[in-house]
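S.K.: Starting from the known structure of chain A, arrange chain B on it as the hints suggest.
As a plain string of letters, each chain reads:
There are 2 protein chains.
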Amino acid sequence: MINKSFAEITHPIEDELSKFNELFKHSLKSKVTLVELVTRYILKQKGKKIRPILVLLSSDLCGGISERSYRGATLVELLHTATLVHDDVVDNAETRRNFPSINAVWKNKIAVLMGDYLLARGLMLAVDGNDFDFLRVITNTVKRMSEGELLQISKTRKLDIDEETYFRIISDKTASLLSTCCEIGARASTNDENKITAMKGFGENLGIAFQIRDDILDFIGTKNIFGKPLGADIKEKKITLPLIYALKNAPKDESIKIINLLKSKERKTKVDVVIKFVKMYEGIEYSEKVALEYSKAALSKLEQFQTSESRLSLESLVSFVVERKN
Amino acid sequence: MINKSFAEITHPIEDELSKFNELFKHSLKSKVTLVELVTRYILKQKGKKIRPILVLLSSDLCGGISERSYRGATLVELLHTATLVHDDVVDNAETRRNFPSINAVWKNKIAVLMGDYLLARGLMLAVDGNDFDFLRVITNTVKRMSEGELLQISKTRKLDIDEETYFRIISDKTASLLSTCCEIGARASTNDENKITAMKGFGENLGIAFQIRDDILDFIGTKNIFGKPLGADIKEKKITLPLIYALKNAPKDESIKIINLLKSKERKTKVDVVIKFVKMYEGIEYSEKVALEYSKAALSKLEQFQTSESRLSLESLVSFVVERKN
Numbered sequence: 000m001i002n003k004s005f006a007e008i009t010h011p012i013e014d015e016l017s018k019f020n021e022l023f024k025h026s027l028k029s030k031v032t033l034v035e036l037v038t039r040y041i042l043k044q045k046g047k048k049i050r051p052i053l054v055l056l057s058s059d060l061c062g063g064i065s066e067r068s069y070r071g072a073t074l075v076e077l078l079h080t081a082t083l084v085h086d087d088v089v090d091n092a093e094t095r096r097n098f099p100s101i102n103a104v105w106k107n108k109i110a111v112l113m114g115d116y117l118l119a120r121g122l123m124l125a126v127d128g129n130d131f132d133f134l135r136v137i138t139n140t141v142k143r144m145s146e147g148e149l150l151q152i153s154k155t156r157k158l159d160i161d162e163e164t165y166f167r168i169i170s171d172k173t174a175s176l177l178s179t180c181c182e183i184g185a186r187a188s189t190n191d192e193n194k195i196t197a198m199k200g201f202g203e204n205l206g207i208a209f210q211i212r213d214d215i216l217d218f219i220g221t222k223n224i225f226g227k228p229l230g231a232d233i234k235e236k237k238i239t240l241p242l243i244y245a246l247k248n249a250p251k252d253e254s255i256k257i258i259n260l261l262k263s264k265e266r267k268t269k270v271d272v273v274i275k276f277v278k279m280y281e282g283i284e285y286s287e288k289v290a291l292e293y294s295k296a297a298l299s300k301l302e303q304f305q306t307s308e309s310r311l312s313l314e315s316l317v318s319f320v321v322e323r324k325n
Numbered sequence: 000m001i002n003k004s005f006a007e008i009t010h011p012i013e014d015e016l017s018k019f020n021e022l023f024k025h026s027l028k029s030k031v032t033l034v035e036l037v038t039r040y041i042l043k044q045k046g047k048k049i050r051p052i053l054v055l056l057s058s059d060l061c062g063g064i065s066e067r068s069y070r071g072a073t074l075v076e077l078l079h080t081a082t083l084v085h086d087d088v089v090d091n092a093e094t095r096r097n098f099p100s101i102n103a104v105w106k107n108k109i110a111v112l113m114g115d116y117l118l119a120r121g122l123m124l125a126v127d128g129n130d131f132d133f134l135r136v137i138t139n140t141v142k143r144m145s146e147g148e149l150l151q152i153s154k155t156r157k158l159d160i161d162e163e164t165y166f167r168i169i170s171d172k173t174a175s176l177l178s179t180c181c182e183i184g185a186r187a188s189t190n191d192e193n194k195i196t197a198m199k200g201f202g203e204n205l206g207i208a209f210q211i212r213d214d215i216l217d218f219i220g221t222k223n224i225f226g227k228p229l230g231a232d233i234k235e236k237k238i239t240l241p242l243i244y245a246l247k248n249a250p251k252d253e254s255i256k257i258i259n260l261l262k263s264k265e266r267k268t269k270v271d272v273v274i275k276f277v278k279m280y281e282g283i284e285y286s287e288k289v290a291l292e293y294s295k296a297a298l299s300k301l302e303q304f305q306t307s308e309s310r311l312s313l314e315s316l317v318s319f320v321v322e323r324k325n
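As given, the protein sequences belong to chains A and B, one line each in that order.
According to numbering that gives the first Met the number 0, the first sequence is numbered sequentially starting from 0.
According to numbering that gives the first Met the number 0, the second sequence is numbered sequentially starting from 0.
Bound-form chain A, shown alone:
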């Protein structure tokens, strides 16, 4: 795999990213003062912008960045922001990217409405640009993301989750949007269905690797200013791949003990017991191996494209995702 810094990855689209940032800022303008206030707050919290980067790099790879690519990038970032705002209500999160969350500052009611507003603004961009193909893709993604989260919630309650369900959940709640970014980026610059399918598959595999890495970091990450605290998933009874594997791999009586711990409120203070269990029964190694497989599958989708700066960046993004420490 190729290792590049994040700045190197975005280097080929540096100017285009600046233009995107302007458009994104502009797309958040509103005559309602409260909306302006909340959006300015959102703009201060600079994320990595992985999703618009994927759109722009995919467009570049498939024929070149166009006006449609910018609209696509803005659309996905608006949708992503909307889901973050709603997710913080869903998770009752107090902070997001080291800032107090919207619901923490303005209460749930404003967070719910702001999420709806941001989603609508994104869709309106596509409508105004006559990007019917984007709308087709994005509405299905909104459905999959909410359905994936709802599936996770219901399975979490019952502590009933196997590998198959896990992959269904992460494919819907995370990979679907990354896949959509790459698909929209491709559609913005080509009609070649082979290329579009390849980019869609690239995003899907990247997304799954991304989420597995995220789930691994819940066990081995260090709490830092950007990441979530260690064991956050355990506290919420979210059963992810490292734990699913460890539960299957460990002697039955030990697994039962862990399940009982997860069912009790004690799990909140005994996160370290679960982490130790997962490490002992190779949940981390297994998950890293699986993430690597998905990242290889992602890379293989790029093989049909000629070598170019944007292809190299997309390849490096894969390494970045599966090797990140937070």
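What the hints contain is simulated information worked out from the structure, not anything from laboratory work.
Quick reminder that beta carbons are idealized off the backbone N, C-alpha and C, glycines included.
Be aware that one or more of the hints could be misleading.
Claimed, not checked - Restricting the straight-line Cα-Cα distance to at most 35 angstroms, the calculated cross-link-like pairs of lysine-lysine (DSBU-like) are: (1) A:Lys247 to B:Lys106; (2) B:Lys106 to A:Lys43; (3) A:Lys28 to B:Lys108.
Said to hold, decoys possible - Simulated coverage check for chain A against chain B, where a stretch passes if three residues somewhere in it have a Cβ under 8 angstroms from a Cβ of chain B: (4) 45–59; (5) 133–145.
M.R.: Frame of chain A; chain B shown alone:
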């Protein structure tokens, strides 16, 4: 004005409404058990279905009900249901149509995700039917509805609301969707921009009359199993037309007293004081007069259409809306 019972109003589209109900039920199907559970719960709470009725009657009036009309009706009802589910989170409501609200039964997190899911399903219907014109209208409506509610929240906090702001809020949060119902119904059966504009205007005026009536009922309605309890808006510091007028019409010192009461927590136990004030300074009569003006404006938009059963029903719906007791 023509007075018909609700059953008489819907009589010309009775069969079509049954077909709509089937489609609506079908549109809620999901492979995720939890989603099915929540949607079955939603389906049990039969509302009046005013919005799909408006779509179907408008289509009928403009040339006849088609497959597109049914999709439009299902789309608006899905959007309406999504906003109700989100509104209950926004308002922290415990009940909806005499049933415990989704957030009360399943908590906020599921209500937020279910709202997103329902909206996405609605948009997907339009995407699958290639109804790009519907998407153009509906995405703008989603934006207006959320922006209208956010404007109301920010103005409510500061108790800073005049008639102009009031009309801006109710036009965005309520009238926009009723207007959209009529516009979509018209678009489903005609390309005649005059007819479409007339129906859009009909819905807008009807919607404003509808919301004013709703706001009047907060002062004069009786708590019943379907309606909200008397004075609910006052408790939430929501300043609506009857109160805006009374505050302007009353002697200044009395208005200041009421404003101070509204600012204090006492307003929750002294709802009757505010109601008496509004009645004494003719807030009800004034608002009824204004609602009547809007309902006449709505009726005037129908004049260009030949008399027909569906035109009569739409006219009766106007009377129904401004004269309803809950």
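S.K.: Hint by hint, note whether the structure agrees.
M.R.: Checked hints:
Using a Cα cut-off of 35 angstroms, the hinted pair Lys247 of chain A and Lys106 of chain B holds, with the two alpha carbons roughly 32 angstroms apart. At most 35 angstroms may separate the alpha-carbon atoms for a hinted pair to count; Lys106 of chain B and Lys43 of chain A meet this at roughly 30 angstroms. Proximity of Lys28 of chain A to Lys108 of chain B is assessed by CA-CA distance (about 28 angstroms); at most 35 angstroms being required, the pair is judged to hold. With 0 residues having a Cβ less than 8 angstroms from any Cβ of chain B, the segment 45–59 of chain A misses the three-residue criterion, and the hint is violated.
With 8 residues having a beta carbon nearer than 8 angstroms to a beta carbon of chain B, the segment 133–145 of chain A meets the requirement of three or more and the stated coverage holds.
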